[in-house]
Amino acid sequence: MYYKTTGYRIFNVFNVALLILLAVMCVVPLIHVLAVSFSSKAAADANLVGLWPIQFSVEAYKKTMFNPVFLHSIWISVLRTVIGTAITLFLTFLAAYPLSKEESVFKGRTIYSWLFVFSMVFTGGLVPFYIVIQKLGLIDSFWVLVLPGAVNTFLVILMMNFFRGIPKELEEAAFMDGAGPFRTLFTMYLPISMPSIATITLFSMVFHWNSWFDGLLYLNNSNQFPLATFLQTVIIQQDMSSMSASPKEMELISQTTVKAAQIFIGAAPILIVYPFLQKFFVKGMTLGSVKE
Amino acid sequence: MKTLKKTWPFHVMLLPSMIFLLLFSYLPMGGIVMAFQNYKPWLGFTGSEWVGLDNFRYLFERQDSVQVIWNTLIIAVLKLIFNLLVPFVFAILLNEIRRVKLQRTIQTLVYLPHFLSWVILGGILIDLLATDGFANRIISSVFGIQPIFFLGDNDWFRFTVIVSDVWKEFGYNTIIFLAALAGINPALYEAAEMDGATRWKQTIHITIPAIIPIAAVVGTLALGNVLNAGFDQIFNLYNPLVYQKGDIIDTFVYRTAILNGEMGFGTAIGLFKSVISMILILLAYRAAAKWANYRIF
Amino acid sequence: MGMKRIAAVLLTTMLTAGSLAACGGGGTSSNGAASATTENAYKEKYDPPVTISTVWGVDPTLQFKNGESIENNVATKWAKDKLGIDIKSLWSVTDTNGAFATKMRLAMSSGQEMPDVVTIGDTDSQLAQDLIDSGMFSEVGPLFDKYASDTWKKAMSQDPNAWNPYIREGKKMGIPVLDYAYNHDYVLWIRQDWLNKLGMKAPTTMDELEKVMDAFKNKNPDGLSPDKVVPLSIGFKTSMNTWMGDPSWIFGAYGTLPQQWNVAADGTLQYGSVQPGMKEGLSKLKEWFDKGYIPKEAALWDENKTSEPAVAGTAGIIPGPYWMSGWPLQDTVKNVPDAVWKPITIPVGPNGKAMRHGTSTTNGVILINKNMKHPEALFTYENYMFDNLANPDAKGEFKNGLFKGYDYDLDASGNTVPIDKIPGGYVNSVRYLLVRDGARIPNAQMDALLKLANGSKPETRLERDVATNYGKETPEAAKVLMSQKDISFPDMFTGPTTQSMKTKMDYLNKIESQTFNEIIYGKSPIDAFDTFVQTWKSSGGDDVTKEVNDWYSSIKK
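Residue numbers (the working numbering), protein chains in the order written: chain A, 1 to 292; chain B, 1 to 297; chain C, 1 to 557.
Worth double-checking, as some hints may not be accurate.
When the alpha-carbon atoms are kept at most 30 Å apart in a straight line, the in silico DSBU-like pairs for lysine-lysine are as follows [to be verified]:
{"id": "1", "chain 1": "C", "residue 1": "K404", "chain 2": "A", "residue 2": "K63"}
{"id": "2", "chain 1": "A", "residue 1": "K135", "chain 2": "C", "residue 2": "K88"}
{"id": "3", "chain 1": "A", "residue 1": "K4", "chain 2": "B", "residue 2": "K101"}
{"id": "4", "chain 1": "C", "residue 1": "K80", "chain 2": "C", "residue 2": "K510"}
{"id": "5", "chain 1": "C", "residue 1": "K154", "chain 2": "C", "residue 2": "K82"}
{"id": "6", "chain 1": "A", "residue 1": "K63", "chain 2": "C", "residue 2": "K421"}
{"id": "7", "chain 1": "C", "residue 1": "K296", "chain 2": "C", "residue 2": "K65"}
{"id": "8", "chain 1": "C", "residue 1": "K373", "chain 2": "A", "residue 2": "K135"}
{"id": "9", "chain 1": "C", "residue 1": "K296", "chain 2": "A", "residue 2": "K62"}
{"id": "10", "chain 1": "A", "residue 1": "K248", "chain 2": "C", "residue 2": "K77"}
{"id": "11", "chain 1": "A", "residue 1": "K248", "chain 2": "C", "residue 2": "K153"}
{"id": "12", "chain 1": "C", "residue 1": "K211", "chain 2": "A", "residue 2": "K62"}
{"id": "13", "chain 1": "A", "residue 1": "K248", "chain 2": "C", "residue 2": "K472"}
{"id": "14", "chain 1": "A", "residue 1": "K248", "chain 2": "C", "residue 2": "K342"}
{"id": "15", "chain 1": "B", "residue 1": "K6", "chain 2": "A", "residue 2": "K168"}
{"id": "16", "chain 1": "C", "residue 1": "K65", "chain 2": "A", "residue 2": "K248"}
{"id": "17", "chain 1": "A", "residue 1": "K279", "chain 2": "B", "residue 2": "K290"}
{"id": "18", "chain 1": "A", "residue 1": "K63", "chain 2": "C", "residue 2": "K65"}
{"id": "19", "chain 1": "A", "residue 1": "K4", "chain 2": "B", "residue 2": "K201"}
{"id": "20", "chain 1": "C", "residue 1": "K485", "chain 2": "A", "residue 2": "K248"}
{"id": "21", "chain 1": "A", "residue 1": "K63", "chain 2": "C", "residue 2": "K510"}
{"id": "22", "chain 1": "C", "residue 1": "K395", "chain 2": "A", "residue 2": "K248"}
{"id": "23", "chain 1": "A", "residue 1": "K248", "chain 2": "C", "residue 2": "K43"}
{"id": "24", "chain 1": "C", "residue 1": "K370", "chain 2": "A", "residue 2": "K135"}
{"id": "25", "chain 1": "A", "residue 1": "K279", "chain 2": "B", "residue 2": "K101"}
{"id": "26", "chain 1": "B", "residue 1": "K290", "chain 2": "A", "residue 2": "K107"}
{"id": "27", "chain 1": "A", "residue 1": "K248", "chain 2": "C", "residue 2": "K457"}
{"id": "28", "chain 1": "C", "residue 1": "K523", "chain 2": "C", "residue 2": "K211"}
{"id": "29", "chain 1": "C", "residue 1": "K479", "chain 2": "A", "residue 2": "K248"}
{"id": "30", "chain 1": "C", "residue 1": "K88", "chain 2": "C", "residue 2": "K197"}
{"id": "31", "chain 1": "A", "residue 1": "K107", "chain 2": "B", "residue 2": "K6"}
{"id": "32", "chain 1": "C", "residue 1": "K197", "chain 2": "C", "residue 2": "K43"}
One side only, chain C facing chain A, incomplete, derived with CB under 10 Å [stated by the list, open to error]:
{"id": "33", "residue": "T102"}
{"id": "34", "residue": "K305"}
{"id": "35", "residue": "N388"}
Note that these hints are calculated values from the structure, not bench results.
These numbers come from a predicted model, not from an experiment.
Using N, Cα and C, we set each Cβ at its ideal position, and we do this for glycine too.
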């Protein structure tokens, strides 16, 4: 076995050490945010907090937990992520299959795929987009968060390339049995595509969780904002130079610790979901199991 | 070989996506005409004055145009390369870790920075990379050199931007490659093992060839971004000391078009970027088809 | 990689713009005859009620209680009951990342109904100018003369330049929104406890200031090592002319203020950054940088960053508004219990001269739709605000605050309770009003503060407000500020962006910041300033100066 050789063992030690170091480097900023969220406001505003809270306080979490708008925004985000991802997944899965055929099998697939790519590269911009949204009656509707971004070229092409890796023999066998494309897709491709579906799901979820611009512009009422939009309105630094600022307002704007708590809570759900999706990436899950 | 006689089910499968694209992508694309107008919202598309290529001319006629476009290209291309290469290598290395728990933990941790916005990370980096900050203390104790002004030195700024971007995104970008690795048939490794191939040989001959196509796809689609050097990041990190090497098209457009509501000019820049991207994607597509006989999409 | 594309689209969508539908024509709001104004249209209360439609850019920090929203709240109910004015909201947007301006432009592009009345803040001044250009909004001068109350008119006359930005060919096209005067004019805040321990007195000249900074750094009274002390906390990231951590007074000591238009000896406007005084100021800053008096990372620091060492107790001096003892300096004692911040005057330069950036007394503009049926209703509303809310002597329903249970509350014996004791929490309901901040008389705030500084008990609503909510050093800081009333110089160019500005100004600003910072950091010699001035002039600066002066002489007429 290769992993029993001395050379590989030495490599393994270095490899593990290197990756752990990288992992630590990646987790440091979040620990900092967490430390700030548990510090006193005075220490946070003075930028005294490193990786450990100073003048420990849970004030920020109390404020966050009693903020109904914040809590509701998490719910909206969960809703948009679940529904949005479901729609995207369905559309992507459906579109990727015919695209994965050769031009000789499915005449026209190349035109379709260029239509996808072209739509990714060129955009008409905000104004015409807004007009379309408005004419469709989507302004101030929950659906404006899910529908416009439902088709994502990147994901379709990714999925298509995963499909291409599936041996042709499987499909041919299904056709032999008299299955049509739809049945082949859902009974044969679906179960063996779990790693790629997990990938697409994850990308789509992260996209929905992080999107803020649509909420800001197409929803009128901040009570209906998804979390990312809410956070954006909190985190961004206001241009004070032309505001009639007063200490009272500055106090409200510069809630460093509350922001930190909200950032942390905001990232938590998507971090919790990740390990669940991870198990689909496990080796041997895919084609190996199909052979049985 | 039996092929399908009818392809209508394929068209049906694509129909929903096409409706979405038509509504939310192709219909709004008519707005590109703004690039050739001095667009005024109250005059609209029919009423605004046609100015031909004036909007484009402005992009190229500034004294610093060449510098800004060049900065954008360098930063974006280097980011593209390293955001492909680092996750690629990282995925392979991570795949070598045999303890599943450790592997998953590392994978989860490296994906964390993706969820912090540049506003937050910018603040952290300014402290971390300060001349008397943590990074410089390490560097001076290890190498014994003068502190490096990472964010305020024209020689270092691009480096800092690229490294910090790769650091933020590599964990997230690794996911695609991990999925590709999971799709490799274990039988291939078993067979290689029988033949007495070392792990290195297996990596070269099985692992890498198996994930190269995905890397090509991701790389090609990333070309769609070739003139987006990362507005949020640069905007939060740049400062007057590094305008020379750090000012990019998007920051420049932000200052001139967005803040002033110059929508025509903004559209023109967007169109310029799209055209360049499209050309590069086409070239990459042709190249892959010609030399690797692989159709990326 | 791929998904980042989507993030980039967010930006691109902001950048790019176009319009599909043939939907240009604006001003389609109401098709009735424009302003059916008769002689006694103006009423104290309208019965049947009249409607004013508007749109809102909602301040992100604004909160609501009792299930209210910007469309429907205590203020809209009040207006209907008290004045017979129905405030109709067409749309609202949380105003961050320029969302209000974007949405306004989108609404125009898609041919949506335009509001009767819209208030636009100075952050969106370009939008205000565009809306005036659109021709959808009416001249307001005659309306103001006819309907505005005396209180309002008097308040407006406190600043003769207030109307300047909105005058087109001699016509007043928008009503300036008045703000408190001197609100962002800075003083220097200094660690009085450090001065005391060193036995030094507050510096009044640049030379004395240098001695103090040197002592703060090298003989620090708290025993901090020199490299840990920031004697003077200033930052240049956004601009050299801002509101907190602002360095512009250093140039002021040599007779110029950067990044704004100042009146020259001959009465024309000249750009501050290209005047000879800048060179002296820059070499002074370079000297201070080399000696470690200013932060090593000053070029990377924005306003908020400069306050960090001040709050941490490692900074000795920070320039900032008179209200800074209420925020953020009140927190310093929590980190350094002995810390005492005191306001001092701006030190004078070698010729006894001092200048500081002055803030404008307006913070936005009210535009009135050409097709508004009852423009007089707006005046009914605002007159009431000026007479009863802004006027410090008013004894009416607003004598304790705006809305009981929202921004103030009374205890059993009729005294106002501290704002954090209001049942259900304090909300800044003044921001629910049709015009931002209701109404403000420019001098009122300073008058109130000076009265408190002279030992009077707070009596009026405004006096009580500043006494409880503005920090304990604020009255004294106001006094310090007003002792140097004449050194405040606001930017004198407030007109619409000129043609050359649109195409040239960004580049000019860029080379300016670049040159100045490079000089301070020793990357360019001080003579680079002269080269910069040459380049500035030849690269469009002269054209801009000419256009600015054309505008200035047009409004001087």
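Do the hints match the structure? See the list:
1. C:K404 with A:K63: holds, 23 Å
2. A:K135 with C:K88: Holds - the C-alpha atoms of C:K88 and A:K135 are around 22 Å apart, at most 30 Å.
3. A:K4 with B:K101: Measuring from Cα to Cα gives roughly 20 Å; hence the hint holds.
4. C:K80 with C:K510: violated, 50 Å
5. C:K154 with C:K82: Holds: C:K154 and C:K82 sit about 25 Å apart, inside 30 Å.
6. A:K63 with C:K421: Status holds; Cα separation ~16 Å.
7. C:K296 with C:K65: Violated, at about 45 Å.
8. C:K373 with A:K135: holds, 28 Å
9. C:K296 with A:K62: violated, 37 Å
10. A:K248 with C:K77: holds, 26 Å
11. A:K248 with C:K153: holds, 29 Å
12. C:K211 with A:K62: violated, 46 Å
13. A:K248 with C:K472: Holds. A:K248 to C:K472 sits at ~13 Å (cutoff 30 Å).
14. A:K248 with C:K342: holds, 20 Å
15. B:K6 with A:K168: holds, 18 Å
16. C:K65 with A:K248: OK: C:K65 and A:K248 at ~18 Å, within 30 Å.
17. A:K279 with B:K290: violated, 37 Å
18. A:K63 with C:K65: Roughly 15 Å between the alpha carbons, so the hint for A:K63 and C:K65 holds.
19. A:K4 with B:K201: Roughly 15 Å separates the two Cα atoms, so the pair holds.
20. C:K485 with A:K248: The given pair, whose Cα atoms are some 25 Å apart, holds under the 30 Å limit.
21. A:K63 with C:K510: Violated, at about 41 Å.
22. C:K395 with A:K248: holds, 25 Å
23. A:K248 with C:K43: violated, 36 Å
24. C:K370 with A:K135: Measuring from Cα to Cα gives roughly 26 Å; hence the hint holds.
25. A:K279 with B:K101: Status holds; Cα separation ~11 Å.
26. B:K290 with A:K107: Holds, at about 21 Å.
27. A:K248 with C:K457: Holds. A:K248 to C:K457 sits at ~21 Å (cutoff 30 Å).
28. C:K523 with C:K211: Given that 30 Å is the threshold and the Cα spacing comes to 26 Å, the pair holds.
29. C:K479 with A:K248: Since the Cα atoms of C:K479 and A:K248 sit roughly 20 Å apart, the hinted pair holds (cutoff 30 Å).
30. C:K88 with C:K197: violated, 61 Å
31. A:K107 with B:K6: holds, 10 Å
32. C:K197 with C:K43: violated, 64 Å
33. T102: This interface hint holds because 7 Å falls under the 10 Å limit.
34. K305: holds, 8 Å
35. N388: C:N388 check fails; min Cβ-Cβ to chain A is 20 Å, beyond 10 Å.
Going through the hint list in order, the structure does not satisfy hints 4, 7, 9, 12, 17, 21, 23, 30, 32, 35.
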